[in-house]
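Number of protein chains: 4
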Amino acid sequence: MDYQKILNEVYEEVKGIKEKGKVADYIPELSLVANDNFAMALRTVDNRLYTIGESKKQFSTQSISKLFTLTMAINIEGKTLWKRVGKEPAGTSFNSLIQLESENGVPRNPFINSGALVVSDIILSEYENGKESILKFIRELCNCENINFDEKVAKSEAETGYRNVALANFIKDFNNLDNEPKDVLDFYFHQCSIAMSCEELTAATLFLANQGYNPITAKRITSESRTKRLNSILLTCGTYDAAGDFAFRVGLPSKSGVGGGIVAIMPHQFVISVWSPGLDYHGNSLLGLKALELFTEKTDISIF
Amino acid sequence: MDYQKILNEVYEEVKGIKEKGKVADYIPELSLVANDNFAMALRTVDNRLYTIGESKKQFSTQSISKLFTLTMAINIEGKTLWKRVGKEPAGTSFNSLIQLESENGVPRNPFINSGALVVSDIILSEYENGKESILKFIRELCNCENINFDEKVAKSEAETGYRNVALANFIKDFNNLDNEPKDVLDFYFHQCSIAMSCEELTAATLFLANQGYNPITAKRITSESRTKRLNSILLTCGTYDAAGDFAFRVGLPSKSGVGGGIVAIMPHQFVISVWSPGLDYHGNSLLGLKALELFTEKTDISIF
Amino acid sequence: MDYQKILNEVYEEVKGIKEKGKVADYIPELSLVANDNFAMALRTVDNRLYTIGESKKQFSTQSISKLFTLTMAINIEGKTLWKRVGKEPAGTSFNSLIQLESENGVPRNPFINSGALVVSDIILSEYENGKESILKFIRELCNCENINFDEKVAKSEAETGYRNVALANFIKDFNNLDNEPKDVLDFYFHQCSIAMSCEELTAATLFLANQGYNPITAKRITSESRTKRLNSILLTCGTYDAAGDFAFRVGLPSKSGVGGGIVAIMPHQFVISVWSPGLDYHGNSLLGLKALELFTEKTDISIF
Amino acid sequence: MDYQKILNEVYEEVKGIKEKGKVADYIPELSLVANDNFAMALRTVDNRLYTIGESKKQFSTQSISKLFTLTMAINIEGKTLWKRVGKEPAGTSFNSLIQLESENGVPRNPFINSGALVVSDIILSEYENGKESILKFIRELCNCENINFDEKVAKSEAETGYRNVALANFIKDFNNLDNEPKDVLDFYFHQCSIAMSCEELTAATLFLANQGYNPITAKRITSESRTKRLNSILLTCGTYDAAGDFAFRVGLPSKSGVGGGIVAIMPHQFVISVWSPGLDYHGNSLLGLKALELFTEKTDISIF
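Residue numbers (my numbering), protein chains in the order written: chain A, 1 to 304; chain B, 1 to 304; chain C, 1 to 304; chain D, 1 to 304.
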């Protein structure tokens, strides 16, 4: 299939769309990003790369980073991880708070904020320097050195992230954090601030399309069985309250972030990433979702 | 792949399991079914059939029937269907009630009871004789005549189904039913009582593995695009509160019923059904889920 | 104190208010009542009566009738009543549904609809003819014969009361109704349709201001201790979601109905009733509440 | 009435009760208090004092202190206070969290923790030194100098009060705190740690039984109208989830704390306080509630 041609077509169609969504403004530093940025990258399991737009420009990965910390946590904890965090879709974010209360501080899945805080806690307990460990993990995944925290973004989120402070303290109250909330939050805010480009993202997630084996660095990242399971959680929980709609419209396991990035996995074939900072109602990139939908329509590709 | 050999192996392993779950007892008539029943059937898109156990014995499809009514409703309503029912996982059944209230009577998806009632309402409004229409639809799907309501089961559920009466009246109060609750409930209780065997189920659902085209009867049931979407809803919403766990352990779009049946779809390849009346905590067949998990482990088959 | 003078003053002030609230329209028959009706009546424990406006005109008591059925149920069940219904304020009506689910079908208090349905069930189980028994009870209380159901209102509510049908079936599903939901609902819809005038209401509730003893008929209605408790429930639960605001502004145990009536108790001194059909946001009579607030300000009367 | 005789009788009856409840242990420092402490004090509006037990021994007032901060906040803000905090009973504590979310960070009343945090915020914004201001206010109320924070208790609560940290950050996220959560929490934890004896409590709250005028110091504390309203909020919201039960059994406006203290108001007559550290399921003093119930039974006193 001529992926480059299809990316070009998608780009042309998306360029014409007036409504671009709204750049996240609850983190002041994120609101400064220009809304006309757009990039896509597709990388096949034999490491061929197709791109369009600003595919080398780094953006704030935000929740996409939860994919990497979850992979680390699964490798650390194995099945016991699922005693501290569920693997079921959360329903609305409104429900997720009620759920935390009614299910004794066990978050419904690792991709809602409360779940990601528990995952952060696991990494903090495992490594002497948690923040270094996540950078090192991603750098090795994508075989690139310039993966870093954006300290301005991390600071901006720490100064305004009252809701995340609330969540961490709730979970601690239920004894589902081993570390102090402030340490878990410091790790979490930094993790979310990691900046990556679309090209880097496709490299770092290629193992998910390749049964856990990273073809770029010739290293096994996680087992084949765990890879399938990571993909299943991406599909059912990876895109905020819109997992059902995403599966319906795109049909690929995906992870999105409020920085406007999305990465999607077609098992055995490729990963595709897209970046456009304007968000829809659910916090997913508006044009990013549209671009993925166009892409899967044109290619007739879907896991279903 | 030697599917028969694998079914045999799964059967041997499952036979040895002591804990069989608990037969549904909230519908008195269902509680009479013997818990040692077990059957599996696998049917490939080129209509080869592999079976084990009592694969010709009919059981109460219960919620599996929602798959057929949803297909009918999508064909009737097209995209406007999604204004009356969502397509997002519901979280816990506890939340689904709160959700109905906070989202003005629009059920979160067509597979929770409230959503299935809205789907029933659509069919009732379309056909002069709703109950005949669903029987006719399924008979044509599986090319078999002896698909019928189990009137004893329907009556048993009508006499004890206070919660479903409550749901239908709530939805009516929100103006999301066009027909009277009692008529919608009569259709719904009958639909759930439809009896089918594992073999019949694989025939009736084969179009879902074959892009909407029924190879047995050489008829298009629904479009390729709608078929993908049906499968995506099965994956994210098809197995009660356990959709995430099901995707994680089985990795196939599936629909279960409290009669102990489950049907799962491997797109482009086959459908597989299993029946064992004992249920787990979530209302899914305990040994049925186990059997599907063993099957996908042994075959290494998954959409992920 | 010159009660008549104060009623006159209140009437003059209230007449000048433009905003009269909205007559209940969810029961079609109720929406036909003219919004310029206004009446007040005050009856002292030595049976002196003061009135203003259309104090002899009957209106639909609606939820005020729950006060009479609760008195009957307390006399039937004694303390065991509180195993089937709570005596705590319900928070919002939204919460009351969640609460019914999380507390296994035990309504939070006897004045929310779910609680009144349980109370109705108790009366139905006790008397051969439940509907006659409530009419007889109220007729004896006020020493007047023309207390009747308004069959048009009862029918109107039965035809449109889907939410109450839902509630009754939920409670039945939790095994907290002994009778069939349809019978409980028939009793409930009739009870709510009872028509009374302001004067009749003050007579029928005078025992609440007089330690359980009806001075008009020289009969004990319930014990002194139960009378205090009835008043405490009126104060904490008697006025829908606005019990706190009512206690804050009026400071008397009160019961309101969506027919626009309110009755309030000043223990040891008097009962006061008011009728004005237009309702506020919470379903309480807008001018009725205003009139009671003016009355307690002018008289400096309050239980606090 | 011979109050001393009745206190003696109540004491004798309560002494014989084996089940004493459980001393609060979620604040480590509180758990060290011996469970056999018991005290009562009654002070009439003409400042006669009746006591039994350890009525001069100070204990941790905890939530009782919210009564004093609410009085301060009403005097500071007047009616605008009710835009930032409601005055309705909260239903269950479980619901109060949902409510905070669904009502945009406006706590349902000033006596649940979230509401008390908003009240604390108001005091912090008004006074240069918030912590000194509350001590000064209470010292003047009871005309006694030795009212102080228990720094050990405040520190103990600060170290383990993750849920309160969560609440403060949630409310801040909804923009309903002007100060930083950590400052509000520091004030709040100190306020709760204030130690008072039963005798001191009756002196400090005597204005509530005397229309806002403190007869001991001959000072007006708040207006007559605000006093009635404070009492109404005490009755509907003062005793955690058990306000309805408290009104039913005791029939007086009351405020309780997890230190085991309760203070109750009989308008125009007296205030009565009781201390027994063992708590019931709702967090109210088990023997304290029992003692008040016996007292009101014996005296036949009630606002109803």
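Simulated from the structure, these hints should not be mistaken for laboratory data. Treat the hints with care, as some may be off.
If several chains are the same, the list does not tell them apart, and a pair holds so long as it fits within one copy or across any two.
Think about it this way: if two alpha-carbon atoms lie no more than 20 Å apart in a straight line, the pair counts; the simulated SDA-like pairs of lysine to any residue are [what the hints assert, rightly or not]:
(1) 298 to 211
(2) 182 to 162
(3) 182 to 158
(4) 15 to 145
(5) 182 to 160
(6) 79 to 219
(7) 298 to 49
(8) 298 to 178
(9) 182 to 163
(10) 5 to 143
(11) 298 to 8
(12) 5 to 186
(13) 182 to 159
(14) 219 to 36
(15) 56 to 222
(16) 79 to 249
(17) 182 to 156
(18) 298 to 268
(19) 298 to 224
(20) 83 to 296
(21) 83 to 245
(22) 155 to 182
Hints, one by one, checked against the model:
no.	hint	result
1	298 to 211	between (25 Å within a copy, 16 Å between copies)
2	182 to 162	both (12 Å within a copy, 11 Å between copies)
3	182 to 158	both (10 Å within a copy, 14 Å between copies)
4	15 to 145	neither (32 Å within a copy, 54 Å between copies)
5	182 to 160	both (14 Å within a copy, 14 Å between copies)
6	79 to 219	neither (22 Å within a copy, 45 Å between copies)
7	298 to 49	within (19 Å within a copy, 34 Å between copies)
8	298 to 178	neither (48 Å within a copy, 38 Å between copies)
9	182 to 163	both (13 Å within a copy, 14 Å between copies)
10	5 to 143	neither (27 Å within a copy, 44 Å between copies)
11	298 to 8	within (12 Å within a copy, 41 Å between copies)
12	5 to 186	neither (43 Å within a copy, 54 Å between copies)
13	182 to 159	both (12 Å within a copy, 13 Å between copies)
14	219 to 36	neither (37 Å within a copy, 47 Å between copies)
15	56 to 222	neither (27 Å within a copy, 42 Å between copies)
16	79 to 249	between (31 Å within a copy, 12 Å between copies)
17	182 to 156	both (15 Å within a copy, 18 Å between copies)
18	298 to 268	both (19 Å within a copy, 19 Å between copies)
19	298 to 224	between (29 Å within a copy, 13 Å between copies)
20	83 to 296	neither (36 Å within a copy, 24 Å between copies)
21	83 to 245	between (28 Å within a copy, 13 Å between copies)
22	155 to 182	both (13 Å within a copy, 18 Å between copies)
In summary, the structure is inconsistent with hints 4, 6, 8, 10, 12, 14, 15 and 20 from the numbered list given earlier, while agreeing with the others.
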